[in-house]
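Assemble the dimeric complex from its two separately framed chains, guided by the hints.
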Amino acid sequence: MGQLRFTPFLIPMNKPLTPLLWLLVAVTGAAAVGGIALNRGESINALWFIIAALCCYALAYRFYAAWIASTVLMVDETRATPAERLENGHDFIPTDRWVVFGHHFAAIAGPGPLVGPTLAAQFGFLPGTLWILVGAVLGGCVQDMVTLFFSTRRNGKSLGQMARDELGIIGGVAALIGTFTIMVILIAVLGLVVVNAMKHSPWATFTVSATLPIAMLVGVYMRHLRPGQVLEASTVGVLLLLVAVAGGGWVDGNPSLRTWFDMDGLSLAWCIMAYGLAAAVMPVWLLLAPRDYLSTFMKLGTISLLAIAIVFLHPDIKMPALTPFIDGSGPIFGGKLFPFVFITIACGAISGFHSLVASGTTPKLLANERDIRMIGYGAMLLESFVAIMAMIAATVLDPGVFFAINSPAGMVGAEAAQAVAKITAWGFPVSVGQMQLLAQQMGEATLFARTGGAPSLAVGMASIFGSVFGESLLALWYHFAIMFEAIFILTTLDAGTRVGRFMLQDMLGNIWPKMADTSWTPSVLITSTVVVACWGYFLYIGVIDPNGGVNILWPLFGIANQMLAAIALCVATGILVKSGRLRYAWITAAPLSWLIIVTGTAAYEKLTSPDLRVGFFAAAHDLSDKLAAGLLPAAKTAIAPQLIFNLYLDAYLTLFFVTVLLLVVLDMLKVSVNSLLGRPVQPLSEVAHTPNRMTEQQLAQWGRD
Amino acid sequence: MAEKLRRLWQFVRRLSGDDAYERYLKHCASHHGDNALPLSKKAYFKQRMESKWSGINRCC
Chain A
1 MGQLRFTPFL IPMNKPLTPL LWLLVAVTGA AAVGGIALNR GESINALWFI
51 IAALCCYALA YRFYAAWIAS TVLMVDETRA TPAERLENGH DFIPTDRWVV
101 FGHHFAAIAG PGPLVGPTLA AQFGFLPGTL WILVGAVLGG CVQDMVTLFF
151 STRRNGKSLG QMARDELGII GGVAALIGTF TIMVILIAVL GLVVVNAMKH
201 SPWATFTVSA TLPIAMLVGV YMRHLRPGQV LEASTVGVLL LLVAVAGGGW
251 VDGNPSLRTW FDMDGLSLAW CIMAYGLAAA VMPVWLLLAP RDYLSTFMKL
301 GTISLLAIAI VFLHPDIKMP ALTPFIDGSG PIFGGKLFPF VFITIACGAI
351 SGFHSLVASG TTPKLLANER DIRMIGYGAM LLESFVAIMA MIAATVLDPG
401 VFFAINSPAG MVGAEAAQAV AKITAWGFPV SVGQMQLLAQ QMGEATLFAR
451 TGGAPSLAVG MASIFGSVFG ESLLALWYHF AIMFEAIFIL TTLDAGTRVG
501 RFMLQDMLGN IWPKMADTSW TPSVLITSTV VVACWGYFLY IGVIDPNGGV
551 NILWPLFGIA NQMLAAIALC VATGILVKSG RLRYAWITAA PLSWLIIVTG
601 TAAYEKLTSP DLRVGFFAAA HDLSDKLAAG LLPAAKTAIA PQLIFNLYLD
651 AYLTLFFVTV LLLVVLDMLK VSVNSLLGRP VQPLSEVAHT PNRMTEQQLA
701 QWGRD
Chain B
1 MAEKLRRLWQ FVRRLSGDDA YERYLKHCAS HHGDNALPLS KKAYFKQRME
51 SKWSGINRCC
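Just so you know, the sequences run in chain order A and B.
For the first sequence, counting from 1, position 27 maps to 27 in my numbering; every step adds exactly one.
For the second sequence, counting from 1, position 3 maps to 3 in my numbering; every step adds exactly one.
Chain B on its own, in the form it takes in the complex (with noise of 0.2 Å):
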């Protein structure tokens, strides 16, 4: 039952973005080694929202 809880926490964060900072860390350490200094959390999400918005993302 915990497990099932903690899965679907995970789930919501994930779609809601919440995790998002933490995926891109790990994505920063697996690709580019510990060389590569990744954005502040701050920054990271202000590019994030900068490409979000740029196109089409919401239809009628």
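This is chain A alone, in the form it adopts within the complex (with noise of 0.2 Å):
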């Protein structure tokens, strides 16, 4: 163990301000989050959500992050990292911590943060909004942070490795297990956000489809023109991606070009799948890489852009704090407040995902382990702001907009008239009028039925940014938001269907040791169509479900990572446990036990409840029920069976999902009480301290440049 320090990295207290400068930001963040919660009735201004969830995470990294890193992990800046002791020249070199923090929150924040509060809104702004605070403080940052430094006392090794080395191999096969279905499940509802996003809009399915070529051009010049100069590169991307977004209000304009560019649902869905195996089959350098380079800059700029426009404009929040359908009678999924709210928000709040980059390539570039605050808890804050920003956004929609945008067509009816007069019952007023013109004013046909949370985001996104920039423009931003989410979700849907294919081939490898060569084309083609296939199925059952399969999709998405969250918290716990700081392991038992309620109970909600939109056996049972007294229209009775299948298939994922997650809990327990007992467990397999050999100079010079 090393040493015992209080780390010079913290705000030194013995200057007189500073306890009065803390208590200041507490007394204000005390009085945003008080006023958030207890306002009634009058609107809220958004700057205000903004002011809570900064005083909430500059109070957390001050003291608790700080905390944990000095007392519970221990960290040793005299300590020399994996990046030091085995520097290579390619993955692991010693970094400057700033671009460490930039590679990370690439990697971390994808489409989650934004997509999971625009769906939780339906229950109002409160409920999202406070777990998003809290669950970042409290649950996710600590997470991230403390997979990162175990990863980096392990050489940076991966979260499997972990689990099999500290917890055994129930705990090794479930998180290699749990990483693979989540995959899945994650592909196919993002699949379907873009799907919603561009079907029946021939602007917005041009300027996706035109990501694709200036993607493969970056690509050809970053390889064979002007091998590595990626600044270069990017910037002609980026600005090709922009008139690639104009191209697309005069393409919706040109009578015959916008037929080829009108799709339904299903056609897309397809185009999709085809592309995600076109892409996993591909060369990297060609589609993958450069694609990556132009979302991570759209999404950097795109980011600070809103947070400006934010703070500069700071408008109003037009839904109400809590709305009725906190019963589990909303539109969007079905379901209660709890436990859905905290399965709807994953990312920005809590999320397993995340385990997997911090023992990926992040600590493999640590330079010094005190930078694992700023990279692990900093990172994590503020992809928790993304999604406070997603809320704003979401929130300053009038609700009846809001509403009408993601209610599916199963849910109000397929007529405007028909579906305006069902969410002007439910209390949030909107007209057709309303909606024809802010549809005509972003350059749609209709907004009607987009459910997923992208096209209401983006028309949050396109009135902000209108008011700053000039409302003559809102059909452009709108569009830009969309090929913003697109572009990155489309970077996680082919990234994924990669990592899933390498997982394939693992495996495969042990039976026949022939498919695990990556660069055997049976076996790339083999394995790349098998998990096209897999996301792919859901995809289809989610475009043909008339309620939407977000409603079915997304929960089971948050269950699933939720679920790697609690096996990396699992880990995190047995480690402390086995290293004697049984006091400490609160710290992820805690944010451990809640997801075990919180997963448990939407799980044995998903499979018991009689509620229709929630309980995967009654909606089954009903189905099957009306199909055979012939009483569902001659439509659905078509895709009846293939809806019922459905419904059973992810009630026993679910089951899976939960099992495997009661398995890896009773092995952490098991290892704990045999750890404290006495009795013989697995050795902890942190690395010996070697000192580090960078003086005090170099360090500055890093945090210089």
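Hint data in this document are derived by calculation from the structure and do not stem from the laboratory.
There are no misleading hints in this set.
Per label pair, the in silico range of CB-to-CB distance: (1) H32/B - D517/A: 26 to 34 Å; (2) W9/B - M282/A: 30 to 38 Å; (3) K26/B - L437/A: 58 to 66 Å; (4) G253/A - A29/B: 52 to 60 Å; (5) G55/B - I169/A: 18 to 26 Å; (6) K670/A - K4/B: 51 to 59 Å; (7) L649/A - K4/B: 57 to 65 Å; (8) D517/A - K26/B: 33 to 41 Å.
If you're wondering where the values come from, they're calculated on a predicted model, not measured in any experiment.
The C-beta atom is built at its ideal place from N, Cα and C for all residues, glycine as well.
If you want it as structure tokens, here you go:
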């Protein structure tokens, strides 16, 4: 164990003014959170959300994270990191902490923190906002930081490997299977979000399709024309993307061209599957890597722009604090406030997926252990802030408009008049004229039933940007926002398919070693097809489901993601107990317990609830009965058998997730109890202490450039 | 001011990986001496890209 140090990166407390300053931050934060939580009736300004979030984050970072780093983890800045010990100029490279922070943030923050809060806004602004703040500060950030720390102490080992080393074979296998299934469901639901944003929208479809040749052009540029000129190539790419956004408007205005890009949901779903397969088989340099550069630039740029616009404009929130839908009757997804708000917002509060990045590339770049707090805890705080901004962008819309965009046709009816009547009857007035005007302003034929969060977020972003930069550009901003979301959804989609392919090749390699050869074409083709078929199936069902597949898929994704988080927290808790830090083990055991309660309850409701929009079995039985009695309309009769099969499949998948979670928790408890009783357990796999050779001047140099 | 802009530019290049090859050459010079031949720029970026995309590097 390294010695306990009160590390110098903490702000010194000996200045007499500092405690007063922190007291002021605490009082301001408490006032802002209280103002948000107790506000009823009168509209509240978005600035309060920003202030509440920033104060919470500052306090948590300054006190909780610093305490965990120095007292619980005993971060030791005299210890050489893997990047220093194993430096090879390729993957182990000691790197300036701001650069590592940038890479880590770009890797963890995808479309998740934008979609989840938008969907959860159906409960009102309050539940989601509080969970994003509390969940991140006590759960997500802690998970990311401790995983990064433990992986750094183990030469950058992956979560699966750590689970196997520290807990045993069950933990290792669970992490592997968990990662694979979460990937499949994540890709399907993200694909569905893109489909819902592009269906019958020639502008959006053209712009998103144009990103592919643009990425390939950038790929060829970086590989062959000017190798390694990353900034040059990316600048060209970003400019072309902006041209593609404007070009989409021109295509949309051209009567013959627009029919080429006017597609229904199912055709788009097939296109996305074909694309996913092509992207998984194609060389990375051609499509994946260049598009990832573009998406990272767009992501960092747009998020900064959104933050500036929200602060500059400080719009009023129009959504009430709580809506009647907390009783479980919500149109976007069924289920009560507890536990479903905690399942719907995973990314932005606590996301298990992060533990894979925190135990992958990032630990191999750390120059010094003292950067762990900033990168592990800090980057997650920033993602949480992105989630808060998504919540603001969703709730500045008129609630009526928000529900009109996000409610699936199966819920409110396919006709505009029918839909607005129903939404108005819920107490959220909206008119057909209002929706038509909005659609026209955004350059779309209709905005009804675009479930999934991307379009309503784009409308929110467009109206925020539009009021800063001029209303005339609304349609451009809308499609810019759609392109921005689609580009990194597609990056997640094909990077995920690729990772899924590697995992499958690895697993099959145990049976037939030849399959593990990642460059053997038959193996590549077979495994890629299997992975695409897995998520393609869920995407297909999601598209044909009249209730909007988001209702089924997003909670399933949430459960899977929280299960992965629980596995990461189990590994961390096990290590804390084994290394004699039982009295601090609550820092991971507390969020773990909460996740077990939340995922357990959600899974239980998904399996047993009699509510047709919540319980899988109830819905399956209801549909079978109606089908047998001939009560279904013709269109639904044709797809009913597939929907019924899918409901059963989802039910067993949920059961499987909970079983895996329980096995890992029991495994962790067994290891912990054995360790406390002095019985033999797997030894800690921490690498021995080597003093670091970097001088303070060298580290200061790192910090400077 | 000029110094600040230069540092900012350096930071952007570092963050985007634009200067990765220069740093690799420096690493080779300081760690392996003159006798080891460093990779060409094209080969270096090829290898870098392959290792980057063989694991999980993007989340939800």
